[in-house]
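Novice: The listed protein sequences correspond, in order, to chains V and A. Residues in the first sequence are numbered consecutively from 1, following our numbering. Residues in the second sequence are numbered consecutively from 261, following our numbering.
Treat the hints as calculated values from the structure; they're not laboratory data. Check each hint, because a few of them may be wrong.
As the list claims (entries may be wrong) - A few chain V residues facing chain A, derived, Cβ under 8 Å:
1) Lys12
2) Ala36
3) Leu38
4) Val40
5) Gly84
6) Gly99
7) Glu125
None of these values were measured; they are calculated from a predicted model. The C-beta atom is built at its ideal place from N, Cα and C for all residues, glycine as well.
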Amino acid sequence: MPALREVQDLFKEALLGEPAPALVDLVEGDGLDPRARLAVYRHHVFTTLTATLEAAFPVVCRLVDRRFFAYVADAFIRQHPPAGPCLDEYGAAFPEFLGAFEACQRLPYLPDVARLEWAIHRAAEAPDVAPLDPTQLGTVAPADMARLQFTPRAGLAYLVSAWPVDRIWRAHQEQSEPMPDLGAGRTCLEISPSGEGVHLRSLDPANLAFRKALADEMTLGEAADKASCQDPDLDLSGLIRGLLSDNVFSSFTIAAEDGA
Amino acid sequence: MANAAALASLQQVRRAYPVSLHGVGLSLGSAGSLDRRHLERLARLVENIEPCLVSEHLSWSATAGAYLNHLLPLPYTEETLRVVAEHVDQVQERLGRRLLVENPSSYLRFRHSIIPEAEFLGELVRRTGCGLLCDVNNVCVSAWNVGLDAQAYLDALPAGAVSEIHLAGHAVNDADGLTILIDDHGSPVPPAVWRLYRKALERFGPVPTLIEWDTDLPELDVLLGEAHKADEIIADVPQRQGHARAA
């Protein structure tokens with residue numbers, strides 16, 4: 001009698017690929033080819049996962065049409081089945097997959113549109129947390145300011161793309177704007193949870209470098225250095241004011257001094 | 261459940277009604293260990309919502325690092341019984357409460373299954389003290405698909421352990437010329453399921469009943485009509501225990 005683990009591993013192979021003869025032999029036909037019985041389960045797995053991906057990547061789906069999307073999704077699901085039971089978390093690897101998928105090469109902006117949609121999806125699912133209280137910063141000694149470290153709100157993401165992905169995304173919403181000129185240049189975006197929705201914010205390259213460094217848990221001093229590389233005439237206090245009014249960080253600490 | 265808006269809605273419902281939490285992600289039948297992270301998430305939700313009932317399925321979904329989002333069938337063997345009982349014990353210990361385990365809808369059976377499903381559930385109850393959720397539509401669907409006797413199945417379940425009933429519609433599909441019933445929660449409860457529901461109530465008493473309809477959602481009136489129909493049947497079956505209502 002096969003061990004349970006062996007049956008389950010064979011079943012997984014059958015759902016994501018073809019049923020092995022060893023599994024077919026274990027299934028009672030009851031008037032049907034056992035493969036047809038296994039296909040009932042496979043159909044459900046692929047239908048629901050394709051719908052899950054469609055819900056997370058609706059603009060990608062509209063850009064390539066539903067039938068092609070289902071074709072790409074099928075290949076993705078076989079190679080990258082979910083790793084956990086929360087389907088809200090399924091699809092993180094899809095943008096990368098699209099970038100490598102031969103049949104998508106004619107739409108070079110597609111992976112970045114998918115990255116934007118994934119960031120929006122994650123921001124929408126992020127738990128609500130109280131934003132940072134700016135008055136708390138008043139208690140920080142001036143000598144400690146450069147060592148401030150901020151905690152990003154869950155769901156905060158940054159995206160730099162060679163394509164106008166935010167405008168491509170907006171061109172496929174209900175109140176759609178026209179499709180932008182694809183040569184419009186680089187886009188720097190911040191995607192953040194906002195109340196019950198998601199906020200998309202265009203940032204200039206210095207501001208993006210600044211906020212992304214902070215989100216990566218660098219200190220304020222290190223983030224200011226990153227931003228200065230993009231813009232030597234940086235208005236640092238302006239960047240900090242903007243950071244606080246946009247509510248993208250939830251708390252702060254003061255890092256230990258260098259060498260400590 | 262990370263989504264703040266969804267959690268707020270559930271809390272709002274909870275303020276007005278008792279809530280029964282029904283899980284699909286624990287994979288009680290996996291040969292490997294339970295997903296601790298998922299169990300912790302469930303435990304936090306249970307603490308937050310304080311549901312009247314918590315249930316999961318007699319099935320598996322996870323193996324070798326992959327989570328296959330379906331309630332997959334188990335061979336009913338001594339090994340499986342040991343695995344499921346151990347996982348039910350772990351869940352009940354972490355949640356500090358009794359778990360209800362639901363009978364699955366089956367589209368195949370394994371040749372090496374040696375314990376009839378209803379007896380398997382009965383033995384699980386005996387070993388772990390868990391309760392049962394009897395999905396009457398699943399009994400109907402499995403009876404057709406893999407040749408069970410629906411009435412004998414109900415008779416073999418330990419009546420005192422059944423604490424919730426599910427009802428639903430199913431799709432009638434053709435597979436290579438043979439009819440297969442698919443538990444798709446997308447249509448009215450069909451007459452055969454209503455008939456079996458009456459028999460289930462006669463055996464289990466008036467336990468809380470849920471109409472499962474979560475694909476192709478109809479107007480609210482249609483859903484309320486289904487719940488009302490269940491209420492009428494509950495009222496019509498001779499009462500053996502306290503009152504329960506369908507929702």
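Novice: Decide, hint by hint, whether the structure agrees.
Specialist: Hints versus structure:
1. Lys12: 5 Å, holds
2. Ala36: 5 Å, holds
3. Leu38: 7 Å, holds
4. Val40: 4 Å, holds
5. Gly84: Check passed: Cβ of glycine 84 of chain V comes within 5 Å of chain A, closer than 8 Å.
6. Gly99: 23 Å, violated
7. Glu125: 5 Å, holds
Figure legend: structure checked against the earlier numbered hints; the only hint not met is number 6.
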